[in-house]
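The lines below spell out each chain.
2 protein chains.
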Amino acid sequence: MYVILVYDVNVARVGKVLKRARRYLTWVQNSVLEGELTEASYRALKSDLARVIDTREDSVLFYVLGARKYTRRELMGVQKGGEEWIY
Amino acid sequence: MYVILVYDVNVARVGKVLKRARRYLTWVQNSVLEGELTEASYRALKSDLARVIDTREDSVLFYVLGARKYTRRELMGVQKGGEEWIY
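Chains C and G are the protein sequences, given in the same order. Numbered continuously in full-length UniProt numbering, the first sequence closes out at residue 87. Numbered continuously in full-length UniProt numbering, the second sequence closes out at residue 87.
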């Protein structure tokens, strides 16, 4: 399954969230990561993130695309963060 | 085609970007909108946004999912912004 993750967390926890999410996914843009995961690794990722976020203040949104990746991805403006932009 | 939009723009332009994007898409989370678009409305959306963002500083990322919507969407933590979360 292909997963797109968008996080919106307090700046105090951004580093921890990004570090953990990058063990599973590719960082493509400031608060966006994506990649192919198994169901097991998806569960592990959520479990890892649950340990570091404050669920009263932070949010992490997952889009699960199923077997197929998205059709295309377009960026308007600058490439921010995301050292691993895949062309 | 189903489109997910993630924006990361200077706070001075957030209102304008959100206002324009909401003419086309549903606001689901702080910096995330999504919805079904025709090719023509997708082009119109990009053109509208291009008029308000500063491409040296802002970024807008589009995921185009093709005919099929995502398989599922999950939220961990709080629901922020996005008055139109679709369950």
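The hints are simulated quantities; they were obtained by calculation from the structure and are not laboratory data. Any given hint could turn out to be false.
A pair counts as met if it fits within one copy or between any two copies, since identical chains are not told apart.
Pairs of lysine-lysine residues, derived as DSBU-like cross-links and limited to a Cα-Cα distance of at most 35 Å, are as follows [as the list claims (entries may be wrong)]:
1. Lys46 <-> Lys19
2. Lys69 <-> Lys46
3. Lys19 <-> Lys69
4. Lys19 <-> Lys80
Nothing here was measured: the structure is a model prediction, and the numbers come from that model.
Violating hint indices (sorted, rising)
none
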